[in-house]
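Peer 1: Protein chains in written order, with UniProt numbering: chain A, 1 to 95; chain B, 1 to 95.
Be aware that a few hints might be false.
Said to hold, decoys possible - Listed next, the stretches of chain A that the computed footprint assigns to chain B, with coverage defined by at least 3 CB atoms under 8 Å from CB atoms of chain B:
(1) 13-22
(2) 34-41
(3) 62-68
(4) 82-94
Said to hold, decoys possible - Restraint ranges, calculated between C-beta atoms of paired labels, are given here:
(5) B:Asp22 - A:Lys86: 30 to 36 Å
(6) A:Glu52 - B:Phe4: 38 to 44 Å
(7) B:Lys91 - A:Ser78: 26 to 32 Å
(8) B:Glu92 - A:His10: 38 to 44 Å
(9) A:Lys76 - B:Glu46: 18 to 24 Å
(10) B:Ser76 - A:Asp30: 49 to 55 Å
(11) A:Ile85 - B:Leu2: 39 to 45 Å
Calculated from the structure, these hints are not laboratory results.
Beta carbons: idealized from backbone N, C-alpha and C, even for Gly.
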Amino acid sequence: MASIESYVDHLVQVILYDGRIIVGKLKGYDPRTNLILADCVEREYSLDQGVEMIPLGLYMIKGDNVALVAELDEEKDSTIDYTEIKAEPLGEIHH
Amino acid sequence: MLIFSFFKTLTDQVITVELKNDLSITGTLKSVDQFLNIRLDGISVEDPERHPHMLAVKNCFIRGSVVRYVRMAARSVDTTLLEDATRREAKEAKK
Numbered sequence: 001m002a003s004i005e006s007y008v009d010h011l012v013q014v015i016l017y018d019g020r021i022i023v024g025k026l027k028g029y030d031p032r033t034n035l036i037l038a039d040c041v042e043r044e045y046s047l048d049q050g051v052e053m054i055p056l057g058l059y060m061i062k063g064d065n066v067a068l069v070a071e072l073d074e075e076k077d078s079t080i081d082y083t084e085i086k087a088e089p090l091g092e093i094h095h
Numbered sequence: 001m002l003i004f005s006f007f008k009t010l011t012d013q014v015i016t017v018e019l020k021n022d023l024s025i026t027g028t029l030k031s032v033d034q035f036l037n038i039r040l041d042g043i044s045v046e047d048p049e050r051h052p053h054m055l056a057v058k059n060c061f062i063r064g065s066v067v068r069y070v071r072m073a074a075r076s077v078d079t080t081l082l083e084d085a086t087r088r089e090a091k092e093a094k095k
């Protein structure tokens, strides 16, 4: 597997098929990209206000819904003022 | 299998992956697996104004099922070799 082994115990940003963005600590995964994320926060982007952070807790995400897993640069992430960022939410995956 | 082998030859080259949610990500191909999941390092997003969602991301894992296109430099592909290999594989499959 084009491995995400190095992401374990790191802060990752997961983009789902429906365009939602979930940030959490990667605790486990399998070859089907099923994921276990601890201390999840959903980051909801919108055009009329800054990014809304919605705490979700521990999540197990079924691989079918995962579009992308990205490693967050925690240092860089902490320097970004998300309350000031306005953007169109990501679209859903359409085949 | 052929396309998997082809992508392996692109390792360490800069490619652009367009996802089925219209997000285009450029980065160095670090690894690929049999599902054509792609691992990219040193990434940048094509339109950061529209897609600030990846600001704090340094590398990412893209699920093969959400890839629409992979763009690469023409010089990184030996088309004649690829054509031959494709024909050979088609022939093998017919047997």
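Peer 1: Confirm or reject each hint.
Peer 2: These are the hints, each one checked on the structure:
no. : hint                          : verdict
1   : 13-22                         : holds (count 5)
2   : 34-41                         : violated (count 0)
3   : 62-68                         : holds (count 4)
4   : 82-94                         : holds (count 8)
5   : B:Asp22 - A:Lys86: 30 to 36 Å : 18 Å, violated
6   : A:Glu52 - B:Phe4: 38 to 44 Å  : 40 Å, holds
7   : B:Lys91 - A:Ser78: 26 to 32 Å : 56 Å, violated
8   : B:Glu92 - A:His10: 38 to 44 Å : 42 Å, holds
9   : A:Lys76 - B:Glu46: 18 to 24 Å : 19 Å, holds
10  : B:Ser76 - A:Asp30: 49 to 55 Å : 32 Å, violated
11  : A:Ile85 - B:Leu2: 39 to 45 Å  : 42 Å, holds
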